[in-house]
Amino acid sequence: MFKASRIIFGLLVVVFLMAPLLVILPLGFTDSIFLNYPMPGFSLRWFRELFTADSWRRAIINSLIVGTGTTILATVLGTLAALGLRDRLLPFSGFFKTAFLLPMVVPAVVLGVGMQLLFVRLGVAYTYPGVIIAHTVLAIPFVVVNVSAALDGIDRRVERAAASLGAPPATVFWKVTLPLAIPGVLSGAVFAFATSLDEVVLTLFVAGPNQRTLARQMFSTIRENISPAIASAAFLFIVGTIILALFTLYVRAKAQKSARRG
Amino acid sequence: MSDPYILFQNVSKSFGPLTVIKDLDLAIDKGEFVSLLGPSGSGKTTILMMLAGFENPTSGAVIVGGQHVERLPPHKRNMGVVFQSYALFPHMTVAENVAFPLNMRGIAKADSAARVQRALDMVQLGAYKERKPSQLSGGQQQRVALARALVFEPAVVLMDEPLGALDKQLREQMQLDIRELHKRLGLTIVFVTHDQSEALTMSDRIAVFNHGKIEQIGRPSEIYERPGTRFVAEFIGETNLVEGVIGTVAKDRTTIALKHGGKLVVETRPGLVEGAPASVSIRPERIHFDHTAERENDFPGTVLDRVYHGDHVRVVLDTPDHRFIIKSDHRMGVLDEGDKVSASFTPNACWVVG
Numbered sequence: 001m002f003k004a005s006r007i008i009f010g011l012l013v014v015v016f017l018m019a020p021l022l023v024i025l026p027l028g029f030t031d032s033i034f035l036n037y038p039m040p041g042f043s044l045r046w047f048r049e050l051f052t053a054d055s056w057r058r059a060i061i062n063s064l065i066v067g068t069g070t071t072i073l074a075t076v077l078g079t080l081a082a083l084g085l086r087d088r089l090l091p092f093s094g095f096f097k098t099a100f101l102l103p104m105v106v107p108a109v110v111l112g113v114g115m116q117l118l119f120v121r122l123g124v125a126y127t128y129p130g131v132i133i134a135h136t137v138l139a140i141p142f143v144v145v146n147v148s149a150a151l152d153g154i155d156r157r158v159e160r161a162a163a164s165l166g167a168p169p170a171t172v173f174w175k176v177t178l179p180l181a182i183p184g185v186l187s188g189a190v191f192a193f194a195t196s197l198d199e200v201v202l203t204l205f206v207a208g209p210n211q212r213t214l215a216r217q218m219f220s221t222i223r224e225n226i227s228p229a230i231a232s233a234a235f236l237f238i239v240g241t242i243i244l245a246l247f248t249l250y251v252r253a254k255a256q257k258s259a260r261r262g
Numbered sequence: 001m002s003d004p005y006i007l008f009q010n011v012s013k014s015f016g017p018l019t020v021i022k023d024l025d026l027a028i029d030k031g032e033f034v035s036l037l038g039p040s041g042s043g044k045t046t047i048l049m050m051l052a053g054f055e056n057p058t059s060g061a062v063i064v065g066g067q068h069v070e071r072l073p074p075h076k077r078n079m080g081v082v083f084q085s086y087a088l089f090p091h092m093t094v095a096e097n098v099a100f101p102l103n104m105r106g107i108a109k110a111d112s113a114a115r116v117q118r119a120l121d122m123v124q125l126g127a128y129k130e131r132k133p134s135q136l137s138g139g140q141q142q143r144v145a146l147a148r149a150l151v152f153e154p155a156v157v158l159m160d161e162p163l164g165a166l167d168k169q170l171r172e173q174m175q176l177d178i179r180e181l182h183k184r185l186g187l188t189i190v191f192v193t194h195d196q197s198e199a200l201t202m203s204d205r206i207a208v209f210n211h212g213k214i215e216q217i218g219r220p221s222e223i224y225e226r227p228g229t230r231f232v233a234e235f236i237g238e239t240n241l242v243e244g245v246i247g248t249v250a251k252d253r254t255t256i257a258l259k260h261g262g263k264l265v266v267e268t269r270p271g272l273v274e275g276a277p278a279s280v281s282i283r284p285e286r287i288h289f290d291h292t293a294e295r296e297n298d299f300p301g302t303v304l305d306r307v308y309h310g311d312h313v314r315v316v317l318d319t320p321d322h323r324f325i326i327k328s329d330h331r332m333g334v335l336d337e338g339d340k341v342s343a344s345f346t347p348n349a350c351w352v353v354g
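Protein chains in written order, with the numbering used here: chain F, 1 to 262; chain Z, 1 to 354.
It is possible that some hints are incorrect.
[To be verified] Derived pair list, reagent style DSS-like, types lysine-lysine, alpha-carbon separation capped at 27 Å: (1) Z:K30 <-> Z:K76; (2) Z:K76 <-> F:K254; (3) F:K175 <-> Z:K327; (4) Z:K129 <-> F:K254; (5) Z:K168 <-> Z:K327.
[To be verified] A few chain F positions that, by computed beta-carbon distances, are all more than 12 Å from chain Z: (6) I154; (7) V158; (8) I182; (9) T241.
Simulated from the structure, these hints should not be mistaken for lab results. Quick reminder that beta carbons are idealized off the backbone N, C-alpha and C, glycines included.
Produce the entire structure from the sequences given, and follow the hints as far as they go.
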């Protein structure tokens with residue numbers, strides 16, 4: 001009895017989580033101009049629209065530009081931060097660690113307002129670097145968390161052994177520490193890219209018309225004309241996310257395998 | 001006598017308010033195998049870490065090969081370190097692990113490959129070059145670590161409880177292997193362990209540590225047979241420590257009066273002062289049950305316990321003066337609990353500690 005109710009409850013949760021996706025995704029393949037059921041027929045016209053209509057194409061390109069920039073910047077900075085926080089050598093390192101995780105907790109609206117005011121002053125508002133910096137702030141916590149976890153898993157004696165065998169500190173880092181931390185760095189990078197991809201709120205504040213990202217474009221389209229292109233874009237998002245998730249799983253599995261070996 | 005190769009002069013090391021090493025002096029000759037033996041927290045590993053360059057002494061001098069090295073970073077010290085946890089590079093193959101120190105020294109590929117092969121052959125792992133460390137057993141991994149620490153012909157090899165993680169049989173095999181390599185290659189080895197039998201079997205000399213100080217340093221037989229302090233007597237092997245007061249000191253026999261009226265006869269040696277308190281160490285294997293005239297000490301008592309160990313029988317004998325632990329030849333093992341026998345031993349079996 002208890003077991004049955006557990007299974008039913010579990011199924012309900014899954015339905016609750018999946019239903020919106022199951023409803024919206026098929027609509028990407030409608031041949032109607034309305035975003036509603038029933039679908040009169042099947043067509044790829046909205047996908048064509050995504051890649052031909054200027055506004056959608058620009059949005060996709062913008063998302064890729066901003067996403068790539070964010071991934072590189074957040075991964076480099078987040079990895080450096082994780083390395084710096086590793087030894088607790090800094091005074092207040094506990095405070096710094098928390099500070100790096102703050103963007104996860106602070107409401108995006110608050111961040112957005114602050115950034116817009118600041119960016120206007122610095123002259124980076126409504127520019128690509130501005131959007132990339134804004135997204136990087138949001139993405140860094142994910143990199144810090146992932147890389148820190150990977151670094152925690154490294155046996156310090158392995159690095160000491162490298163030093164005793166004649167490796168200067170920089171060589172120890174490049175030949176031992178980084179290769180062993182790379183799974184954490186990669187999954188941090190994936191999280192950074194995903195964060196940038198679906199970020200809307202900050203983008204509304206700091207991006208100009210030229211930096212309209214895919215998520216931002218979907219957001220305004222839904223207010224303006226509710227085109228089924230939104231569903232097509234959502235479909236692309238989901239496929240992209242699944243690929244990223246699988247990639248992360250693969251990297252994790254590989255890391256675990258080598259950890260078990262090590 | 002040449003100058004010692006490794007020299008600690010008046011070295012102290014503190015971590016914050018905690019003093020781990022205090023005013024340490026230690027000299028090690030080239031080609032010597034010295035064990036640092038002590039309980040955990042006695043400072044023996046800290047000494048090794050200072051020698052390897054992972055810790056800097058708070059004060060004092062560390063000299064290796066005539067050069068001050070107190071502030072020299074680890075990668076410039078040319079010392080091979082073997083850790084208890086093996087510390088192999090998990091992302092590299094066995095051959096890459098062993099080649100690492102050679103790459104750091106810019107040794108040409110062909111030369112390096114030959115040296116890697118020789119080092120792996122030396123530890124009987126020549127066939128495992130392409131394996132990852134994870135595909136090897138614990139003993140094999142430790143042999144790779146050994147090959148890696150020896151392949152660049154370091155001036156000194158430091159070992160931090162290298163055999164601690166291995167099971168007993170493998171450990172004994174590795175002890176022999178390391179001992180053999182030491183002799184064959186003429187290595188200077190500093191070996192940290194808390195296992196006294198390991199230290200006894202492997203070392204040229206043993207330094208016994210307690211609370212950051214050397215209690216005694218000497219050859220294994222000196223340490224075992226003539227412990228300088230109570231701590232050494234009790235830490236190295238099992239012993240009977242009998243307390244008393246020194247009575248008459250004659251030319252070659254000294255008597256020691258025990259609390260309950262008994263009397264011990266020991267060999268006279270310099271430094272025994274009449275009326276001074278003394279602890280006497282008598283090793284359990286030096287005590288017998290069959291009394292003969294040469295054994296001037298004889299303590300009758302009752303058997304409290306006997307445990308069969310295969311190669312010997314461990315008997316606990318309660319006498320009015322002391323509760324003796326005796327390792328007896330097992331052919332004598334017909335004793336039973338409650339039997340009345342005497343513990344008998346020669347003056348030569350007694351050692352007045354400190």
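A quick look at each hint next to the structure:
Between K30 of chain Z and K76 of chain Z, the direct Cα distance comes to roughly 19 Å. Compliance with the 27 Å bound is thereby established for this hinted pair. Restraint check: the Cα-Cα separation between K76 of chain Z and K254 of chain F comes to about 35 Å, which exceeds 27 Å; the hinted pair is violated. The straight-line distance between the Cα atoms of K175 of chain F and K327 of chain Z is roughly 54 Å, outside the 27 Å bound, and the hint therefore fails. Straight-line distance between C-alpha atoms of K129 of chain Z and K254 of chain F comes to about 22 Å, which keeps the hinted pair within the 27 Å bound.
For the hint linking K168 of chain Z to K327 of chain Z, the alpha-carbon distance of about 22 Å falls within 27 Å, and the restraint holds. The beta carbon of I154 of chain F is not kept farther than 12 Å from every beta carbon of chain Z, the shortest such distance being approximately 9 Å. A beta-carbon of chain Z is positioned within 12 Å of the beta-carbon of V158 of chain F; the least distance is around 5 Å. Not every CB of chain Z lies more than 12 Å from the CB of I182 of chain F, the least distance being 9 Å, so the non-interface label is violated.
For T241 of chain F, the shortest C-beta to C-beta distance to chain Z comes to about 29 Å, beyond the 12 Å cut-off, and the non-interface label holds.
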